[in-house]
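The chain contents come next:
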Amino acid sequence: MRSARNRELIALVPVALLLTAGFAAVFAQEETRLDNLSLIYGGYFLAICLATHIYLRIRLPNADPYLFPLVATLTAIGLVMIYRIDDGLARDQANWFVLGLILFALTIQLLRDYEVLERYRYTIAIAGLLLLLAPRLPGIGQQVNGAYLGVKIGPLAFQPAEFTKIAIVIFLASYLREHREVLIVGARRILGVTLPPLKHFGPMLVVWGASMFMLVFIRDLGSSLMFFAAFLALLYVATGRFSFVVIGMAMFVVGAWFFASTVPHVHERIEIWLNPYDDPSNAGYQILQSIFAQADGGLFGKGFAQGLITIPGTDDALLPAAQTDTIYSLIVNELGLFGACGVVLVYLLIAARGFKIALLANDGFSKLLATGLTAVFSIQAFVIIGGVTRVIPLTGVTLPFISYGGSSIVANFVLLALLLLISDRARREAEQPGGRALALGAAA
Amino acid sequence: MNRQIVKLFAFIVVLFGVLVGFTSYWSVFDAKALKEEQANKRPLLEQQQIRRGRVLAADGTVIAKSVAKGKGDARRFVRRYPEGALYGHPIGYSFVREGDTEFEQFHNDELVGNESEFSSILDELTGTTQEGNDIVTNIDANAQRVAMAGLEAAGFGAVVALVPSTGEVKVMASNKSFDPNRVPFELTRLNRNEIETPLLNRATQGLYPPGSTFKVVTAAAGLESGTITPETTIDAPGTIEVEGNPLSNDFNEDFIGASLDTALTNSVNTWFAQLGQKVGQDELFETMEKFGFNSTPPIDLPDDEVYNSGVTVEGQTLTRRDPIDLGRMSIGQERLLATPLQMAMVAAAVANGGKLMKPQIWNRVIDPDGRVSDRLDPDEYSEPVSEQTAADLTTAMEGVVSEGTGTNAAIPGVAVAGKTGTAETPGNDACGGGVEQNQAWFIGFAPAEDPQIAIAASVECTEQFGNDVAAPIFREVAEAILEGE
Numbered sequence: 001m002r003s004a005r006n007r008e009l010i011a012l013v014p015v016a017l018l019l020t021a022g023f024a025a026v027f028a029q030e031e032t033r034l035d036n037l038s039l040i041y042g043g044y045f046l047a048i049c050l051a052t053h054i055y056l057r058i059r060l061p062n063a064d065p066y067l068f069p070l071v072a073t074l075t076a077i078g079l080v081m082i083y084r085i086d087d088g089l090a091r092d093q094a095n096w097f098v099l100g101l102i103l104f105a106l107t108i109q110l111l112r113d114y115e116v117l118e119r120y121r122y123t124i125a126i127a128g129l130l131l132l133l134a135p136r137l138p139g140i141g142q143q144v145n146g147a148y149l150g151v152k153i154g155p156l157a158f159q160p161a162e163f164t165k166i167a168i169v170i171f172l173a174s175y176l177r178e179h180r181e182v183l184i185v186g187a188r189r190i191l192g193v194t195l196p197p198l199k200h201f202g203p204m205l206v207v208w209g210a211s212m213f214m215l216v217f218i219r220d221l222g223s224s225l226m227f228f229a230a231f232l233a234l235l236y237v238a239t240g241r242f243s244f245v246v247i248g249m250a251m252f253v254v255g256a257w258f259f260a261s262t263v264p265h266v267h268e269r270i271e272i273w274l275n276p277y278d279d280p281s282n283a284g285y286q287i288l289q290s291i292f293a294q295a296d297g298g299l300f301g302k303g304f305a306q307g308l309i310t311i312p313g314t315d316d317a318l319l320p321a322a323q324t325d326t327i328y329s330l331i332v333n334e335l336g337l338f339g340a341c342g343v344v345l346v347y348l349l350i351a352a353r354g355f356k357i358a359l360l361a362n363d364g365f366s367k368l369l370a371t372g373l374t375a376v377f378s379i380q381a382f383v384i385i386g387g388v389t390r391v392i393p394l395t396g397v398t399l400p401f402i403s404y405g406g407s408s409i410v411a412n413f414v415l416l417a418l419l420l421l422i423s424d425r426a427r428r429e430a431e432q433p434g435g436r437a438l439a440l441g442a443a444a
Numbered sequence: 001m002n003r004q005i006v007k008l009f010a011f012i013v014v015l016f017g018v019l020v021g022f023t024s025y026w027s028v029f030d031a032k033a034l035k036e037e038q039a040n041k042r043p044l045l046e047q048q049q050i051r052r053g054r055v056l057a058a059d060g061t062v063i064a065k066s067v068a069k070g071k072g073d074a075r076r077f078v079r080r081y082p083e084g085a086l087y088g089h090p091i092g093y094s095f096v097r098e099g100d101t102e103f104e105q106f107h108n109d110e111l112v113g114n115e116s117e118f119s120s121i122l123d124e125l126t127g128t129t130q131e132g133n134d135i136v137t138n139i140d141a142n143a144q145r146v147a148m149a150g151l152e153a154a155g156f157g158a159v160v161a162l163v164p165s166t167g168e169v170k171v172m173a174s175n176k177s178f179d180p181n182r183v184p185f186e187l188t189r190l191n192r193n194e195i196e197t198p199l200l201n202r203a204t205q206g207l208y209p210p211g212s213t214f215k216v217v218t219a220a221a222g223l224e225s226g227t228i229t230p231e232t233t234i235d236a237p238g239t240i241e242v243e244g245n246p247l248s249n250d251f252n253e254d255f256i257g258a259s260l261d262t263a264l265t266n267s268v269n270t271w272f273a274q275l276g277q278k279v280g281q282d283e284l285f286e287t288m289e290k291f292g293f294n295s296t297p298p299i300d301l302p303d304d305e306v307y308n309s310g311v312t313v314e315g316q317t318l319t320r321r322d323p324i325d326l327g328r329m330s331i332g333q334e335r336l337l338a339t340p341l342q343m344a345m346v347a348a349a350v351a352n353g354g355k356l357m358k359p360q361i362w363n364r365v366i367d368p369d370g371r372v373s374d375r376l377d378p379d380e381y382s383e384p385v386s387e388q389t390a391a392d393l394t395t396a397m398e399g400v401v402s403e404g405t406g407t408n409a410a411i412p413g414v415a416v417a418g419k420t421g422t423a424e425t426p427g428n429d430a431c432g433g434g435v436e437q438n439q440a441w442f443i444g445f446a447p448a449e450d451p452q453i454a455i456a457a458s459v460e461c462t463e464q465f466g467n468d469v470a471a472p473i474f475r476e477v478a479e480a481i482l483e484g485e
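These protein sequence lines are chains H and E, in that order. Here this note's numbering is used: position 248 in the first sequence is 248, and no number is missing along the way. Here this note's numbering is used: position 32 in the second sequence is 32, and no number is missing along the way.
It is possible that part of the hints are untrue.
Capping the alpha-carbon separation at 25 Å, the derived lysine to aspartate or glutamate pairs in DMTMM-like fashion look like this [claimed, not checked]:
id	chain 1	residue 1	chain 2	residue 2
1	E	K358	E	D300
2	E	K71	E	D59
3	H	K302	E	D377
4	H	K356	H	E181
5	H	K302	E	D300
6	E	K69	H	D86
FRET-style restraints, in silico, Cβ to Cβ [to be verified]:
id	chain 1	residue 1	chain 2	residue 2	range
7	E	E286	H	L299	20 to 28 Å
8	E	K35	H	I153	40 to 48 Å
9	E	E314	H	H267	51 to 59 Å
10	H	L345	E	D374	54 to 62 Å
11	H	D86	E	T188	37 to 45 Å
12	H	I10	E	D109	46 to 54 Å
13	H	D86	E	R75	12 to 20 Å
14	H	D113	E	K35	52 to 60 Å
15	E	V14	H	L137	37 to 45 Å
16	H	P280	E	R321	48 to 56 Å
17	E	D109	H	P280	24 to 32 Å
18	H	E268	E	T188	33 to 41 Å
With the C-beta cut set under 7 Å, the calculated list includes, among others, these residues of chain E facing chain H [stated by the list, open to error]:
id	residue
19	I5
20	L15
21	L19
22	L34
23	R76
24	V78
25	P184
26	T188
Just so you know, the hints here were simulated from the structure itself, not pulled from any lab data. All residues carry an ideal CB built from backbone N, CA and C; glycine is no exception.
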């Protein structure tokens, strides 16, 4: 399966070109930064990508050849955009990128037999939920814009939701693999609606409860939406019952509506989304500036490093949280509609490759895990891009691999590692004569 | 499960499609509306970062320029007007917060370097920094100073000087003016000043009764329609009845058997009132409108800052079908109002053998590399009168200056053609309610045999006559321009 890795290597060439062009553009634009540090960064980045490629060649020779170059593309875009905002932030991001790749390699190293995850599914789920609670613990919890998203222990700060999403997906994939049959068979029609059997649905309700819990205690509409959507996606794929999805959505909407009217923070987020012009200089400032920045971009954008992030002559933000929440708006502003479409296309291609892996996988757990990981990743991208384009309320979810933030980068590289592990096995089994039949037999 | 996975992917495709849809909406389809949003400061901030081009007088005097403030990302440009109030009109001002007016507004695209749609896309692709073009105007700096000094000595009013053959605006002065440099600090105060109205460009927005200067238009209509020839005589007694009310000449003087020359030289009211009635409303309006009345003068200033001249009732311009006291309109009364620009256009058309050229302030656009990227191409607006009629009018107007009511406009050694006007405006609140408040006018051109310059000078709220206050300004400005040739 050398050809897969060769394709990966070839696919890294455009990434290299993109990154070099990007850094060169910022470099040419910012005459004040006449150090050659930017080009050294670019060189490091490419060397690291090459090392990862060689590692994959050895460890997962059969894994999907396009995922890593696609992710590298996003990371490159992110690094260039962040470098353009602030070179100090870009240095952090580059360090996290390296840390992410170390965890990526570790995951691949330690979880070659990722089925072991099934055995610890409850441990993983509880650990994930506890992580979510951490931001509300006194001493280590941090509140950002009214939401409890961060944990800070000494110098180490991270956003647990990024890791919890993987834990939840692992749990759901495992649980649904085991219970999908009974969920389908035991379902009965009541008043023309197919309802799942109650006793097997308990743990599912727990997930719903967890989402609602997030809404109330973490006050994070974005993560809540992301988790629950991933849950519904998995439930649908596992059972094939669209009615379950409808019921789930109804439950979420009712719950969200209830809490939106009782939890002020959530309520406010929705109000701003619906009526940003009511308070354009305070509450509505971020979403309006996000949209104004996009309006300024047009078809082709203003060019790298040409957009305004702060009001000239001051430190006042013209595009608040440009390196995290609204980085997509900055991309539209500077790279235009075409550049933004390119970014969305990369996410779509990642989703396509992820689902392809799920299709190729031979056993239920692998299929569901690949589906869940891909779904949660895609929906995360949707939640934040949808937030800054006013499709849905704006929340503090990161744009995977592009936004500034260590937790996001590291967690998403672990997610990528899991996808590649599944892929490597699926494609290896497909390659080996009789391998497929063997795997199918084992699954049965 | 595979079928569901494919469907799930299809759903994700739809979701991402929605993202692309919304992004397109904000960045392209709704972009224009968003840029005009009150809460959106980006267009203003970005405009600040472009070095707006300079505005220069014909001799290179810098009227407006942009200076950089701050460094790096904080660098922004602020407009400076080295000549201050002298060019407050017609150049106007341009500031981020206060917006832009007059010439600065009309020529904004050239000044900020917004070229064609195509080249701006090219610039975006190549990342070229937008830079403004300089514009050289036709304004004669020396004559502008002379005009302003003359007005400041005489009172509020305006002077417009046009090159008859090209329409080039050599002078456009309005008193009371304002210092554009002060606009960011005292715009509100300037706006509130309803007595001096410094922000009003009296040359294009000052609507005044044209008085006897309008007799040139009436005479033109008479000659052009064939109602009279220069030899035709009309009996003009000291007082006649027009529309049921008596109308008199100055000192009630009789002019029996007077021809056009005599009538214009002595500005005989009863002669022109009868002529107007003979010509008829249709023909008189026809000629007026060819001179530019009843429509926005085709000058390079924003439409809302250039007013129509004509018979105006409560902001509505009356047409040739509306009931009008034709006799009084023929001598520049009866709710007839004209801007100094309009009366300068009348003089210029006569001076140019009957052809009216579009008045233009700009002369050429100079791109950031110093090349002339565009140059004024003189354009004919209309042909109000024939060459013969223009010649006959010139002869009559020469009489006004050489032996008639406008002798103060005479320039030694140069034949001057002109017409005075003194309209009584007793009810004018702006004049402080005095009884003897006149609108004094002089329109004319020189040299009569080969006109180089046509000028209208108008002074409001004066106790004096056109020949006393307006004609001397005409003479000084004409001399300044002719000496500069």
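Here is what the structure says about each hint:
With a C-alpha separation of about 9 Å, the suggested pair E:K358 and E:D300 falls inside the 25 Å cut-off, and the hint holds. Distance restraint check for E:K71 and E:D59: the Cα-Cα separation of roughly 32 Å exceeds the 25 Å cut-off, and the hinted pair is therefore not satisfied. Under the criterion of a C-alpha separation no larger than 25 Å, the hint pairing H:K302 with E:D377 is inconsistent with the structure, at around 35 Å. With a CA separation close to 23 Å, the supplied pair H:K356 and H:E181 stays within the 25 Å bound.
Simply put, H:K302 and E:D300 have alpha-carbon atoms about 31 Å apart, too far for the 25 Å limit, and the pair is violated. A threshold of 25 Å between alpha carbons decides the hint, and for E:K69 with H:D86 the separation of about 23 Å falls inside it, so the pair holds. The hinted range of 20 to 28 Å is not satisfied by E:E286 and H:L299, whose Cβ atoms lie roughly 51 Å apart. Range check, E:K35 to H:I153: about 46 Å between beta-carbon atoms, so the 40 to 48 Å window is met.
At roughly 53 Å, the beta carbons of E:E314 and H:H267 sit within the given window of 51 to 59 Å. Hint check: H:L345 to E:D374, Cβ distance near 42 Å, so the stated range 54 to 62 Å is violated. Between H:D86 and E:T188, the C-beta spacing of about 40 Å keeps the proposed range 37 to 45 Å intact. Distance hint check for H:I10 and E:D109: the Cβ-Cβ separation is about 47 Å, which falls inside the suggested range of 46 to 54 Å.
At about 19 Å, the CB distance of H:D86 to E:R75 agrees with the hint of 12 to 20 Å. A hinted range of 52 to 60 Å for the beta carbons of H:D113 and E:K35 is consistent with their spacing of about 57 Å. Under the hint 37 to 45 Å, the C-beta atoms of E:V14 and H:L137, about 39 Å apart, fit the expected range. Our hint of 48 to 56 Å for H:P280 and E:R321 holds, since their Cβ atoms are close to 51 Å apart.
Distance hint check: the CB atoms of E:D109 and H:P280 are about 29 Å apart, consistent with the given range 24 to 32 Å. Look at H:E268 against E:T188: about 36 Å separates their beta carbons, and that is inside 33 to 41 Å. Using the Cβ-Cβ criterion of 7 Å, the hint placing E:I5 at the interface with chain H is satisfied: the shortest such distance is roughly 5 Å. Checking E:L15 against chain H: minimum C-beta separation of about 5 Å stays under 7 Å; hint holds.
Given hint, E:L19 at the interface with chain H, holds; its Cβ is 5 Å from that chain's nearest Cβ, closer than 7 Å. About 4 Å separates the beta-carbon of E:L34 from the nearest beta-carbon of chain H, less than 7 Å, and the hint is met. Given hint, E:R76 at the interface with chain H, holds; its Cβ is 5 Å from that chain's nearest Cβ, closer than 7 Å. Because the closest C-beta pair between E:V78 and chain H is about 11 Å apart, greater than 7 Å, the hint is violated.
Interface restraint check for E:P184: the shortest CB-CB distance to chain H comes to about 15 Å, outside 7 Å, so the restraint is violated. Interface hint at E:T188: violated, since its Cβ lies 22 Å from the closest Cβ of chain H, which is beyond the 7 Å cut-off.
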